[in-house]
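Take the given structure of chain G and dock chain B to it, following the hints.
Listed below, chain by chain, are the residues.
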Amino acid sequence: MMIEYAWLIPLFPLVAFLIISVVPQKLLIREGGAPWIIGASTASFVLSVLVIIDVLSGQTLTGGDAPSITWFSVGSFDLTFGIWVDQLTAVMLLVVSLIGTLVVIYSVGYMHDEGKRKRRYYAEIALFIGVMFGLVLADNYLEMFIFWELVGLCSYLLIGFWHFKPSASSAAKRAFIVTRVGDIMLLSGLIILLKFVGTLDFATLFAFNPATGEGSLAAAGMSPGIATLAMILLFGGAIGKSAQFPLHEWLPDAMEGPSTVSALIHAATMVNAGVYLVARSFPLLVQTPDALVFIAIIGGITAIIAASNALVANDIKRVLAYSTVSQLGYMMLALGAGGLIIATFMLDEHQEGLGVGYSAGIFHLMNHAFFKALLFLGAGSVLHVIGTNDMRRMGGLGKTMKITSFTMLIASLSIAGIPPFSGFWSKDEVLATTFHAFEDAGSYNMVFLILWIIAVATAFMTAFYMFRMWFMTFAGKRKSDTHIHESPRIMTAPLMILAALAIFSGFSFFTGQGFFAFLSESITGIPAGVAVEAVNPLEALGHIFASPLTYASLIVSIIGLFTAYTIYYKGTWSVARLATGTAGKMQRLLANRYYISWFYDAFAYNIVYGFSVLVDLFDIYVIDGAINGAAWISRKSGAVMRRAQTGFVQNYIAVILLGTCLLIIFMIITAEWGGG
Amino acid sequence: MIPMIDWLIFASLLLAIGAYGVLTAKNAILVLMSIEVMLNAANISLVTFSAYSSQLHTYTDSMGQVFVLASMTVAAAEVAVGLAIFLVLYKRYGSIDVTKVNILRW
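Which chain is which? The protein sequence lines are G and B, in order.
Per our numbering, numbering through the first sequence is continuous, rising by one, with the last residue being 882.
Per our numbering, numbering through the second sequence is continuous, rising by one, with the last residue being 722.
Rather than coming from a laboratory, the hints here were simulated on the basis of the structure.
Keep in mind that the hints are not guaranteed to be accurate.
[Said to hold, decoys possible] Not everything, but these chain B residues come out facing chain G in the computed CB check (under 10 Å): (1) Leu624; (2) Ile625; (3) Ala635; (4) Val638; (5) Leu639; (6) Thr640; (7) Ala641; (8) Asn643; (9) Arg708; (10) Val714; (11) Thr715; (12) Leu720.
[What the hints assert, rightly or not] For the chain B half of the interface with chain G, some residues (derived, Cβ under 8 Å), not all of them: (13) Ile712; (14) Asn718; (15) Arg721.
[Claimed, not checked] Cβ-Cβ distance ranges computed for the label pairs, FRET-style: (16) Thr640/B to Arg841/G: 34 to 44 Å; (17) Trp838/G to Ser687/B: 46 to 56 Å; (18) Thr676/B to Met873/G: 39 to 49 Å.
We treat Cβ as the ideally placed atom computed from N, Cα and C, and that holds for glycine.
Okay, chain G solo, but in the shape it has when bound:
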């Protein structure tokens, strides 16, 4: 019965934010206000769990029955703040509240030496978590957009937390500006929707009945082209926020912030917002198959580009950042492919389980959130101890940092897709959905075959770079003589909790009715065929391992793992020798990130700067010209007119008399005509 109080969830961290930022330093209990945010996020977590229990028992708050307040009304448009709680929201609440809580607890150890700046850190973290809750609970796109922008602001502030470092402040600016490109696209898409449908409330927008066509975008007067454009623009927001190609370069740079912030951005808050947006918009997206293909293609490209960049990165956090980008690509791929399957078959009454792709994307989001938070917090634990990001100067840390290295190993196995860790289950479903789209998606099937191959190749790369990272960091010989010790208990405890989740969160696929049957109910408006049937654990297990596709991804993952083992642990193939010839050229291309950054700079320099020069010239010659011209005219006319000021009183009197006479003549004439 707690579901009506879901609106309290964002309020706890927001109140903590106010307390930490407003209450004088002396009155904050200790640690720069950390107890406040730990308490607030724990309260949010407890309430989230209560809400999730309600959702599990079948209650949802969608549409009119949810509490909401009106902020303001413009004409026929009301901006309301309401809440929308369904199965998708429940999953997001779990991810955000759990990881948020663990990250702030970990922060107490990690940020211990920051001194007075801690207060700023905790205030921003509190705001970040609070607005992310607001984002996932929003019941209309405009409310969502407001929180969306606030999430962007918080990530800017936190990436630039060490703003005295030039690299940090420029990374923060980059994150802000690049995601802003996406935000503008999102806003444009929303404006198109608002213009045609007249509202941005989910309840109205998602009331789509494919059988009758009622409530569809076409019924609102949108031609297929306009609808596809609006949906692609909407996805543009996700391209920016979830770091999809070609706007993915900000995320690896965002490593300049503290590791805890990276964990939060990568696992709980920032980047998940884009995936959530796409999932939330599913009832709209299934009406525009072309936009879904676009999403799947962007997802596939992102997955492989980022994975290949991670192969050669030497900065431990950069490897993890690229892996996030790559996994986000997977999620988008699953959502795009799954959406296309729904779009193709939603009118077919005999279809069942169309929601698999949708559920697979969110399933991967959840599993990824847990193991990626673990990886970043683990990396943070390593940095905390050794003081460098460069993996070439690490090595052999596993002997001393047993908890860190072991939990990191679990997370790496999970992301590499080795059963029974969580990443295996969701990645397998992502690949299966893509293959299913190849089999069923009609004219786009070749696209999806290529995307499936890309996804399998990405799986190989994922296993390779994750174990490259693990072997370089934790195995082999020590390469620096810094004093190594395990991190304090307050940091290792969250690692162990997350490690447990990285193992067990995948099993939610089998528990109860099964994650997919639970989640697929949240695609509002789509009829029964979408819902995935409740699973029988053994049957599902048999189904997964009976499929040859499963072995394809499993085998490439294991090959990737052993390649990394051979090169970076056994040293069978020399790393130095691999850096020559064609392989070396490839490595340089990858190390330069396909010159995408370079392209950004070239674009910014030549086009934006060129345009700025044009604008500058316009300013100098036209704007300034107009102003200076007006001043020149005043000056010149003044020089002439001032000669009227003769100083002779009689001249003035003469002018007054003349004027009076003219006035009288004028009055006489008008009186004549008026009386006429």
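Frame of chain G; chain B shown alone:
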């Protein structure tokens, strides 16, 4: 009875003569005297309207005559102020030629 228009023409002529004097005289006292002439032209027209008001109303409106008394009082004060100004002018410029007093110019 002399028609009203004649009085008004007389007042207009007086006004014109005064205005001519103000515009052309160099001596400040002449200017002041011309102003007095113009003032009295106005006074005459006021008295005229007052005297002939019974043709318009059932009663004689004596307001115009009262105004004239007030304006004559003001004119007397004005002369006192004007002559004081001329004294100062004379002290400063050694003459009261208004064409020489033109320092308020571009």
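Checked hints:
1. Proximity of leucine 624/B to chain G is violated relative to the hint, the smallest CB-CB distance being about 14 Å (cut-off 10 Å).
2. Interface restraint check: isoleucine 625/B against chain G, minimum CB-CB distance 16 Å, threshold 10 Å, status violated.
3. The interface hint given for alanine 635/B is met, as the beta carbon of that residue sits about 6 Å from the closest beta carbon of chain G, less than 10 Å.
4. Hint on valine 638/B holds. Least Cβ distance to chain G is approximately 6 Å, under the 10 Å limit.
5. Against a cut-off of 10 Å between C-beta atoms, the interface hint on leucine 639/B holds, since the closest Cβ of chain G lies about 5 Å away.
6. Contact between threonine 640/B and chain G, as hinted, is supported at the beta carbon level, the nearest pair being about 8 Å apart and thus within 10 Å.
7. Annotation: alanine 641/B was flagged as interfacial toward chain G, and the flag holds, the nearest CB pair being 8 Å apart, inside 10 Å.
8. Interface restraint check for asparagine 643/B: the shortest CB-CB distance to chain G comes to about 12 Å, outside 10 Å, so the restraint is violated.
9. Interface restraint check for arginine 708/B: the shortest CB-CB distance to chain G comes to about 15 Å, outside 10 Å, so the restraint is violated.
10. Interface restraint check for valine 714/B: the shortest CB-CB distance to chain G comes to about 6 Å, inside 10 Å, so the restraint holds.
11. For threonine 715/B, the interface hint holds, the least distance from its beta-carbon to any beta-carbon of chain G being 6 Å, beneath 10 Å.
12. The beta carbon of leucine 720/B comes within 5 Å of a beta carbon in chain G, closer than 10 Å, and the hint placing it at the interface holds.
13. With 8 Å as the threshold, the beta carbon of isoleucine 712/B stays out of range of chain G, its nearest partner Cβ sitting at about 13 Å, so the hint is violated.
14. Using the Cβ-Cβ criterion of 8 Å, the hint placing asparagine 718/B at the interface with chain G is satisfied: the shortest such distance is roughly 3 Å.
15. About 3 Å separates the beta-carbon of arginine 721/B from the nearest beta-carbon of chain G, less than 8 Å, and the hint is met.
16. A hinted range of 34 to 44 Å for the beta carbons of threonine 640/B and arginine 841/G is consistent with their spacing of about 36 Å.
17. At roughly 50 Å, the beta carbons of tryptophan 838/G and serine 687/B sit within the given window of 46 to 56 Å.
18. A hinted range of 39 to 49 Å for the beta carbons of threonine 676/B and methionine 873/G is inconsistent with their spacing of about 29 Å.
In this structure, the earlier hints numbered 1, 2, 8, 9, 13 and 18 are contradicted, and the remaining ones agree with it.
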